[in-house]
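Engineer: Construct the complete structure from the given sequences, taking the supplied hints into account.
With this note's numbering applied, the sequence shown corresponds to residues 44 to 185, in that order.
Hints were generated in silico from the structure; no laboratory data involved. Hints are not guaranteed to be accurate.
Keeping only pairs whose Cα atoms sit at most 30 Å apart, straight-line, the calculated DSS-like set for lysine-lysine is [what the hints assert, rightly or not]:
1. K69 x K50
2. K145 x K69
3. K87 x K106
4. K53 x K145
5. K79 x K147
6. K130 x K145
7. K106 x K130
8. K55 x K69
9. K50 x K147
10. K79 x K145
11. K55 x K145
12. K145 x K87
13. K145 x K106
14. K106 x K53
15. K87 x K55
16. K106 x K69
17. K87 x K120
18. K50 x K120
19. K53 x K120
20. K79 x K53
21. K87 x K50
22. K145 x K120
23. K147 x K87
24. K79 x K120
25. K130 x K50
26. K106 x K55
27. K147 x K69
28. K147 x K106
29. K130 x K55
30. K69 x K79
Derived Cβ-Cβ restraints for the label pairs, each shown as a range [claimed, not checked]:
31. G93 x D73: 32 to 42 Å
32. Y71 x N159: 32 to 42 Å
33. N135 x D73: 28 to 38 Å
34. E154 x Y129: 33 to 43 Å
35. F78 x N135: 33 to 43 Å
Just so we're clear, the structure is a prediction, and the values are computed from it rather than from any experiment. Yeah, the Cβ is synthetic: ideal placement off N, Cα and C, and Gly gets one too.
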Amino acid sequence: MTRSALKPFKNKRVMVTGRIQRVLFKNYLDRHSTFKPNVRILLKDVFVSGVSIDHLWLYETNKYYALAMELIHQRVKFSANVVPYYKINRNNNLFVQDYGIKRKGRLITEEAYNQNNQYQDKIYEKLPDIDFRLEDFYSKEN
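Structural biologist: What follows is the structure in structure tokens.
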């Protein structure tokens, strides 16, 4: 599917799953800079909250180069925000809005993510159902 399928998730947090295909520097001369988003990470076979996308590019700082190289050709899972951006349409030189992702969680393999979060739903099942009213705790006099 195209990136226009991400429009319903605009400015919302989503779960992203994909396979890291390529990791490279945007500008090799800035490889020692710490604050520039200089590392490009290509994700293929991406699922964004259940919506299939062909590929996505992540732009990260240089500290993610070594981490992404360790995870190359593996499936990763992380949380991200869907953000709109503008690009130039080559046919008529007009600006067109497109959608990308901005990573919020750290890059972790899908197996490790699922293993860490397998008991998260079961915690809420163990809690008792609490039924109370707010008036039981606060009187109208206060």
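Engineer: Are the hints correct? Go through all of them and say.
Structural biologist: Each hint tested on the structure:
Distance restraint check for K69 and K50: the Cα-Cα separation of roughly 27 Å lies within the 30 Å cut-off, and the hinted pair is therefore satisfied. Distance hint between K145 and K69 is fulfilled; the C-alpha atoms sit about 17 Å from each other, no more than 30 Å. Restraint check: the Cα-Cα separation between K87 and K106 comes to about 21 Å, which is no more than 30 Å; the hinted pair holds. The hinted pair formed by K53 and K145 meets the criterion: a straight-line CA distance of about 11 Å does not exceed 30 Å.
A distance of roughly 17 Å separates the Cα atoms of K79 and K147; the hinted pair therefore holds under the 30 Å criterion. Distance check on the hinted pair: K130 and K145 sit about 16 Å apart at the alpha-carbon level, within 30 Å; holds. Restraint check: the Cα-Cα separation between K106 and K130 comes to about 27 Å, which is no more than 30 Å; the hinted pair holds. A hinted pair counts as satisfied when its Cα atoms are at most 30 Å apart, and K55 with K69 qualifies at roughly 27 Å.
Between K50 and K147 the alpha-carbon distance is near 18 Å, which keeps this suggested pair within the 30 Å criterion. For the proposed pair K79 and K145, the alpha carbon gap of about 15 Å is at most 30 Å, so the pair holds. Of the supplied pair hints, the one linking K55 and K145 holds, its CA atoms being roughly 10 Å apart against a limit of 30 Å. Note on K145 and K87: the hinted pairing holds, with a Cα-Cα distance of about 16 Å set against a maximum of 30 Å.
About 16 Å separates the Cα atoms of K145 and K106, which keeps this hinted pair within 30 Å; it holds. A C-alpha spacing of about 27 Å is found between K106 and K53, which places the hinted pair at or below 30 Å, so the restraint holds. With a C-alpha separation of about 21 Å, the suggested pair K87 and K55 falls inside the 30 Å cut-off, and the hint holds. Between the alpha carbons of K106 and K69 the distance comes to roughly 14 Å, so the proposed pair stays at or under 30 Å and holds.
A hinted pair counts as satisfied when its Cα atoms are at most 30 Å apart, and K87 with K120 qualifies at roughly 12 Å. As the CA atoms of K50 and K120 are separated by approximately 21 Å, the hinted pair is consistent with the 30 Å bound. At most 30 Å may separate the alpha-carbon atoms for a hinted pair to count; K53 and K120 meet this at roughly 19 Å. Distance hint between K79 and K53 is fulfilled; the C-alpha atoms sit about 25 Å from each other, no more than 30 Å.
For the hint linking K87 to K50, the alpha-carbon distance of about 19 Å falls within 30 Å, and the restraint holds. For the given pair, K145 sits about 13 Å from K120 by alpha-carbon distance, which is consistent with the 30 Å threshold. Restraint check for K147 and K87: the C-alpha separation of about 19 Å stays at or below 30 Å, so the hint holds. With a C-alpha separation of about 23 Å, the suggested pairing of K79 with K120 holds against the 30 Å cut-off.
With a C-alpha separation of about 16 Å, the suggested pairing of K130 with K50 holds against the 30 Å cut-off. Distance check on the hinted pair: K106 and K55 sit about 26 Å apart at the alpha-carbon level, within 30 Å; holds. Of the pairs offered as hints, the one joining K147 and K69 holds, with about 21 Å between alpha carbons and a cut-off of 30 Å not exceeded. A distance of roughly 15 Å separates the Cα atoms of K147 and K106; the hinted pair therefore holds under the 30 Å criterion.
Restraint check for K130 and K55: the C-alpha separation of about 21 Å stays at or below 30 Å, so the hint holds. For the hint pairing K69 with K79, the CA-to-CA distance comes to about 10 Å; that is within 30 Å, so the pair holds. The hint said 32 to 42 Å for the Cβ distance between G93 and D73, and at roughly 36 Å that hint holds. For the pair Y71 and N159, the supplied restraint of 32 to 42 Å holds, since their beta-carbon distance comes to about 35 Å.
Remark: the range hint 28 to 38 Å for N135 to D73 is upheld by a beta-carbon distance near 33 Å. Distance hint for E154 and Y129: a CB-CB separation of about 37 Å, consistent with the stated range 33 to 43 Å. The beta-carbon spacing between F78 and N135, approximately 36 Å, falls within the hinted interval of 33 to 43 Å.
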